[in-house]
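K.L.:
If you're matching them up, the sequences are chains A and B in order. First residue of the first sequence? That's 1 in our numbering, and the numbers climb one at a time after it. First residue of the second sequence? That's 1001 in our numbering, and the numbers climb one at a time after it.
The reader is advised that the hints may include incorrect statements.
What the hints assert, rightly or not - So, partial list: chain B residues that the calculated Cβ filter (under 8 Å) puts toward chain A:
| hint | residue |
| --- | --- |
| 1 | His1053 |
| 2 | Ala1082 |
| 3 | Ile1114 |
Derived by calculation from the structure, the hints in this document are not laboratory data. These figures come from a predicted structure and were not determined experimentally. Virtual Cβ for every residue (Gly too), placed ideally from N, Cα, C.
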Amino acid sequence: MSERQPQPSTAPPASVHPERPSTSPPVPGGYAQDERSESKGAPPPPSAAPPGPGAGHPAPPVFSPAAFVLVVIGVLGAIGVAPLAAAFFGDRLALGPGVAAALAAVAAAGFAGALGATAALVSRRLAFYEVAAATLLWAALVALVAAAPGLRSVRALAPLEAQGTLVVVLGLLGGGILAATAVFAGSTLAYLVTGTGRLDASISYELFVARSHLRLSPRTVAALFGIVVTGLVPGLLVALGWSLVRDARERRAYRRGELFRRGRMPATLLMTLISIGGVAIGVWALTVVLSVMSGFEADLKRKILGHNAHGMVLTYGQDGFDDWRGARQKALGVSGVAGATPFLYNEVMLSAGQNLTGAILKGIDLDTVGTVTDLPRNVEDGQLGWLRTPEKVPRPAHDPDALSTPAPQPRTDRTLPGIVVGRELARSLRVFVGDQVNVVSPFGDLGPAGPQPKSRPFRVAAIFYSGMYEYDSKFAYMDLGEAQRFFGTGDTITGLELRVGDVDMARAVMGRVVFALGGWPYRAKDWGELNRSLFSALQMEKVVMAVILGFIVLVASFIIVATLIMLVLEKTREIAVLKSMGAGVPSVMKIFVAEGVVIGAVGTAFGLILGYGSCLLIDRVGIPLDPEVYYISNLPVLIEPAQFGLAALGALLLSYLATIYPATKAARLRPVDGLRAD
Amino acid sequence: MTAPFVRIEGLAKTYLMADRRLEVLRGLDLEIAEGELVALTGPSGAGKSTFLHLLGTLDVPTRGRVRFDGEDVFERTEEELAAFRNGTVGFVFQSHHLLPEFTALENAMMPGLIRRIPRSDARRRASEMLERVGLGDRLEHRPGELSGGEQQRVALARALSLSPRLLLADEPTGNLDPQTADGIHALLVDLNRSLGITAVVVTHNERLAQALPRRLRLVAGRLA
Chain A
1 MSERQPQPST
11 APPASVHPER
21 PSTSPPVPGG
31 YAQDERSESK
41 GAPPPPSAAP
51 PGPGAGHPAP
61 PVFSPAAFVL
71 VVIGVLGAIG
81 VAPLAAAFFG
91 DRLALGPGVA
101 AALAAVAAAG
111 FAGALGATAA
121 LVSRRLAFYE
131 VAAATLLWAA
141 LVALVAAAPG
151 LRSVRALAPL
161 EAQGTLVVVL
171 GLLGGGILAA
181 TAVFAGSTLA
191 YLVTGTGRLD
201 ASISYELFVA
211 RSHLRLSPRT
221 VAALFGIVVT
231 GLVPGLLVAL
241 GWSLVRDARE
251 RRAYRRGELF
261 RRGRMPATLL
271 MTLISIGGVA
281 IGVWALTVVL
291 SVMSGFEADL
301 KRKILGHNAH
311 GMVLTYGQDG
321 FDDWRGARQK
331 ALGVSGVAGA
341 TPFLYNEVML
351 SAGQNLTGAI
361 LKGIDLDTVG
371 TVTDLPRNVE
381 DGQLGWLRTP
391 EKVPRPAHDP
401 DALSTPAPQP
411 RTDRTLPGIV
421 VGRELARSLR
431 VFVGDQVNVV
441 SPFGDLGPAG
451 PQPKSRPFRV
461 AAIFYSGMYE
471 YDSKFAYMDL
481 GEAQRFFGTG
491 DTITGLELRV
501 GDVDMARAVM
511 GRVVFALGGW
521 PYRAKDWGEL
531 NRSLFSALQM
541 EKVVMAVILG
551 FIVLVASFII
561 VATLIMLVLE
571 KTREIAVLKS
581 MGAGVPSVMK
591 IFVAEGVVIG
601 AVGTAFGLIL
611 GYGSCLLIDR
621 VGIPLDPEVY
631 YISNLPVLIE
641 PAQFGLAALG
651 ALLLSYLATI
661 YPATKAARLR
671 PVDGLRAD
Chain B
1001 MTAPFVRIEG
1011 LAKTYLMADR
1021 RLEVLRGLDL
1031 EIAEGELVAL
1041 TGPSGAGKST
1051 FLHLLGTLDV
1061 PTRGRVRFDG
1071 EDVFERTEEE
1081 LAAFRNGTVG
1091 FVFQSHHLLP
1101 EFTALENAMM
1111 PGLIRRIPRS
1121 DARRRASEML
1131 ERVGLGDRLE
1141 HRPGELSGGE
1151 QQRVALARAL
1161 SLSPRLLLAD
1171 EPTGNLDPQT
1181 ADGIHALLVD
1191 LNRSLGITAV
1201 VVTHNERLAQ
1211 ALPRRLRLVA
1221 GRLA
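Work out the full structure: start from the sequences and follow the hints.
P.N.:
Structure representation (structure tokens):
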């Protein structure tokens, strides 16, 4: 560029400058000619230039209807795309719920971002006002939905609707805000990259300048990390002590008349470090709390799934499940099924001595139950095998409850069929392995005075401990054949319990099993369906926690805003100089966006390291809990990479969005103001 | 018929202060030919700096036009103006306005980096220009380690690193002792001669102004 024609060095002759023949009307060219030919304030006299305009280059309009339409399509579209994509990925492509949700979110965000980017291209600036207007529009729509219950019968809202109007409104508003955020992020990115009128994604010199603003040396960053990792107080005390030492050294040097100035930290660097610390603490808290909650959830899930099957095949109505051996073979042939076992389900009363309690009695097949549930591994006393060989059950050597059970069990030595009870159930019945338990079924024989409950003694063959209070206090097991005899059901069962290869795919696999069995009269339930309320409550709790802790990160991003505004004020002159050298609006914006994102990225990295470290610490060292209260001996923690990634992504997005306002402020500075400021 | 390089028509700038209008420029008409070296003098507050800022499109006039090669620059969009400043205009300010955290070389490279020319290219141009202003051995020094005259030379090298057609210097010697000022002026004249750059130099120094080929005097917002 700029291959100027070489000028003869004598081009500006020193003598013949003033009046140069000009083709235009008699403009008083040169100098010293502009005499009082016009009165004050009148437009410049003869030139053809129209008065008035000419001042001011064409600025893009503040609000572009076209961009607004695009933004609205982006917001509404993203809200619509998300559930559709979730359904597509989850049901059609049969991906796991986590993967499907992630892909759906990516799809919706991509859609919103793309339309935001288009809006920025169309309006040639940030589509901020359009996004704000679209968000307000969405809020109005949500208000309409909240006010008109008829509109709420839309199927897409059904899962939310079940949880009440507040959840519907908050969910819709949250979705709208997320969609608008995605649109705005897309619009800002597009403007930063194409705002110059051509594609310019380079940030080389912007980073160069940003680095000089941030002044983050590795030593400073390491010191900050030290302060944060020691939990602020010790680190700050050390820093304070070091500062005092240096103060004293400076004073001593001053008294001796030496030239010694301790370096002082510039205010903006301090602010930068505080912002980094803020983001780090936010991400730290977010990751640790979410990991602990995941730990609880996983623990719960493990216990539920360990004790229960992943799914069960039942029959409709009262019909017994007769051909269960054939059905089991068919079910085992379905891909994804790892195990199947028959069971008979009944509710009974258990009594031992004077203790009486209700229980769920399951008849199980000893050979196959281990392929489906963890029962054989959960036995903590006795042996599951003794169910089949009750004669091997040891008799109680002494009766520890002799005082409280005045009437000793009759005929203790008789061989009774075995029963397995949970630890809590055993405790409330006050029985141990070898003790006798009476099982009372309300559906009894027909006696002389009408139906009468059936009662038979059993001997406790084993006691299991699953870790779930509900199970340990409610469940009892016996051999399937024994149970069929006791209940008089013949060779029928209640259903088949299945174990699947991938827990998250249980729903799909169960559908295939029912299909393989030929449909009616068979039906299937998966564990998610069986425990829906529990897991949706956990999920909701987690989302709420994430939002609340997200506010820490949000506050940290406000610190980034404040820091950047300070930097902009400090660098007003420098911005003006850069603009005088031809740095455009997007270019100046990129400098400050880069600074904010660097702050956010360093803070996020700190937070992730701290969060991961804390989780490892909790996992390895453990924080003991009172098992009587929590039914779990240590604080559980589950490190999910996706969760860490999501927290990092959220923090980075917030830091990025935080930069937009200060960056715009910097980029819109008029160079003359900055140059005059000195 | 070829339009003059710079043509200013009825240029006026009025600032609206809190309660009064401040007419800084009141209708300037001027032509500057390619390759000219113009001295602009005048008392303080006559609007010299404002005039220079308008010429360099750092500010927007209230009325009037500035035409480069016949084209009104203020018709352009902000981004086009930025590109125009980057490629066509070079600024030198009274207080040099170097970026303190960067070396002389990096400062002089900055316009090239802004234009996104390759780093090696920018480095070559900047070091050539620094050598030309006599700072070939000071490339890695920061502004704080340079004398006032040297700083101003770096600023000059920075302004010229992309070979602009127009150099605007706002009292480049205002903060310098007479001897150094003479040096800078000689450099300006030399660069104007050898590179053929059109230059407008605002100066308080009548003696130096007299040495320049064309002199303009701005009094109370008008050319006198």
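K.L.:
Given a cut of 8 Å on the nearest C-beta pair, is the interface hint for His1053 (chain B) held or broken against chain A?
P.N.:
holds (5 Å)
K.L.:
Quick check on the hint: Ile1114 (chain B) CB to chain A CB, less than 8 Å?
P.N.:
holds (5 Å)
K.L.:
Any CB of chain A closer than 8 Å to the CB of Ala1082 (chain B)?
P.N.:
Holds, about 4 Å.
In this structure, every one of the numbered hints holds.
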